[in-house]
Amino acid sequence: EAQVTQNPRYLITVTGKKLTVTCSQNMNHEYMSWYRQDPGLGLRQIYYSMNVEVTDKGDVPEGYKVSRKEKRNFPLILESPSPNQTSLYFCASSRLAGGAPDTQYFGPGTRLTVL
Amino acid sequence: AQKITQTQPGMFVQEKEAVTLDCTYDTSDPSYGLFWYKQPSSGEMIFLIYQGSYDQQNATEGRYSLNFQKARKSANLVISASQLGDSAMYFCAMREDAGKSTFGDGTTLTVKP
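Protein chains in written order, with the numbering used here: chain A, 1 to 115; chain B, 1 to 113.
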């Protein structure tokens with residue numbers, strides 16, 4: 001089954017304790033992206049990657065890191081989480097058609113709470 | 001900078017009727033993609049429809065169609081024959097060819113029986 005998986009689905013942690021949210025896709029997509037969603041708002045892009053070893057900042061990259069060492073994986077790293085990073089996080093992937101990303105598939109989301 | 005505007009925080013529609021959800025966008029890039037997503041109360045994001053900026057025809061996917069008016073920078077979603085299961089939050093989004101992506105704040109659609 002074609003899918004984007006994220007782990008963990010739920011996480012409660014404390015300020016300053018490094019954490020990683022994993023994202024994996026099995027569709028051989030070149031493009032992957034991380035978003036956060038806060039109550040009453042749409043999704044805001046954190047980082048994206050057009051291919052292996054190519055990553056770029058979205059609108060809200062501060063406090064986050066990513067890596068793209070393999071095509072299928074795109075982990076999101078919070079080196080020193082703070083309470084304002086409490087949010088719902090989505091990973092997404094899509095193919096590149098003619099060089100441009102098209103249909104985008106989302107993971108189930110990770111609900112992160114930082115105390 | 002990219003911007004997506006969804007001016008309808010909430011919409012109501014009677015079951016079996018059609019509804020239009022508005023979306024306007026702003027970009028200086030000549031090449032981009034426009035998307036609509038559905039987010040039910042369970043929280044997952046479901047892709048509905050995609051329109052490329054150079055596509056000549058409006059995109060359609062089953063009961064969903066995208067009314068793309070490039071000169072007016074609008075990309076409205078039309079849902080025909082609404083069903084109770086269509087009640088959800090709907091997001092319009094835009095993505096540059098280089099990969100940067102922007103979402104609107106969403107429209108909550110409620111389908112009345």
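If you are wondering where the hints come from, they were derived from the structure by calculation, not from laboratory data. Check each hint, because a few of them may be wrong.
What the hints assert, rightly or not - So, partial list: chain A residues that the calculated Cβ filter (under 7 Å) puts toward chain B: (1) T13; (2) L43; (3) Y48; (4) M50; (5) V54; (6) P61; (7) Y64; (8) E70; (9) P83; (10) Q85; (11) P108.
Unchecked claim - Quick list of in silico lysine-lysine cross-link-like pairs, DSS-like style, CA-CA up to 27 Å: (12) A:K57 - A:K69; (13) A:K71 - A:K18; (14) A:K65 - B:K16; (15) A:K57 - B:K16; (16) B:K70 - B:K112; (17) A:K57 - A:K71; (18) B:K3 - B:K70; (19) B:K3 - A:K57; (20) A:K65 - B:K100; (21) A:K69 - A:K18; (22) A:K71 - B:K73; (23) B:K100 - B:K16; (24) A:K65 - A:K17; (25) A:K65 - A:K18; (26) B:K73 - B:K112; (27) B:K112 - B:K3; (28) A:K17 - A:K69; (29) B:K3 - B:K73; (30) A:K69 - B:K73; (31) A:K57 - A:K17; (32) B:K112 - A:K57.
To be verified - Computed from the model, here is a short list of chain A residues facing chain B with C-beta under 7 Å: (33) Y10; (34) P39; (35) L41; (36) G42; (37) D102; (38) T103; (39) T113.
We put the beta carbon where it would ideally sit given N, CA and C, even for glycine.
Consistency of the hints with the structure:
1. T13: Nearest chain B Cβ about 20 Å off; hint violated.
2. L43: Result: holds, 4 Å to nearest chain B Cβ.
3. Y48: holds, 5 Å
4. M50: holds, 5 Å
5. V54: Violated, because the Cβ-Cβ distance from V54 of chain A to chain B comes to roughly 9 Å (cut-off 7 Å).
6. P61: violated, 11 Å
7. Y64: violated, 15 Å
8. E70: violated, 18 Å
9. P83: violated, 21 Å
10. Q85: Result: violated, 18 Å to nearest chain B Cβ.
11. P108: holds, 6 Å
12. A:K57 - A:K69: holds, 17 Å
13. A:K71 - A:K18: holds, 24 Å
14. A:K65 - B:K16: violated, 46 Å
15. A:K57 - B:K16: Violated, because 43 Å separates the two Cα atoms, which is more than 27 Å.
16. B:K70 - B:K112: Roughly 32 Å between the alpha carbons, so the hint for K70 of chain B and K112 of chain B is violated.
17. A:K57 - A:K71: At roughly 18 Å apart (the allowed maximum being 27 Å), K71 of chain A and K57 of chain A satisfy the hint.
18. B:K3 - B:K70: Answer holds: K3 of chain B to K70 of chain B is near 15 Å, not above 27 Å.
19. B:K3 - A:K57: holds, 17 Å
20. A:K65 - B:K100: Roughly 16 Å between the alpha carbons, so the hint for K65 of chain A and K100 of chain B holds.
21. A:K69 - A:K18: Since the Cα atoms of K69 of chain A and K18 of chain A sit roughly 20 Å apart, the hinted pair holds (cutoff 27 Å).
22. A:K71 - B:K73: violated, 34 Å
23. B:K100 - B:K16: violated, 36 Å
24. A:K65 - A:K17: Measuring from Cα to Cα gives roughly 14 Å; hence the hint holds.
25. A:K65 - A:K18: Since the Cα atoms of K65 of chain A and K18 of chain A sit roughly 11 Å apart, the hinted pair holds (cutoff 27 Å).
26. B:K73 - B:K112: violated, 30 Å
27. B:K112 - B:K3: Violated - the C-alpha atoms of K3 of chain B and K112 of chain B are around 31 Å apart, more than 27 Å.
28. A:K17 - A:K69: Roughly 24 Å between the alpha carbons, so the hint for K17 of chain A and K69 of chain A holds.
29. B:K3 - B:K73: Satisfied, since the Cα-Cα distance of roughly 11 Å is no more than 27 Å.
30. A:K69 - B:K73: Given pair K69 of chain A, K73 of chain B is violated - Cα atoms ~37 Å apart, limit 27 Å.
31. A:K57 - A:K17: holds, 23 Å
32. B:K112 - A:K57: The hint is violated at about 41 Å.
33. Y10: violated, 11 Å
34. P39: Since chain B brings no Cβ nearer than about 11 Å to P39 of chain A, farther than 7 Å, the hint is violated.
35. L41: Because about 6 Å separates L41 of chain A from the closest Cβ in chain B, which is inside the 7 Å limit, the hint holds.
36. G42: holds, 4 Å
37. D102: holds, 6 Å
38. T103: With a minimum Cβ separation of about 6 Å from chain B (threshold 7 Å), the hint on T103 of chain A holds.
39. T113: This interface hint is violated because 15 Å lies over the 7 Å limit.
In terms of the numbered hints stated before, the structure departs from hints 1, 5, 6, 7, 8, 9, 10, 14, 15, 16, 22, 23, 26, 27, 30, 32, 33, 34 and 39, listed from lowest to highest.
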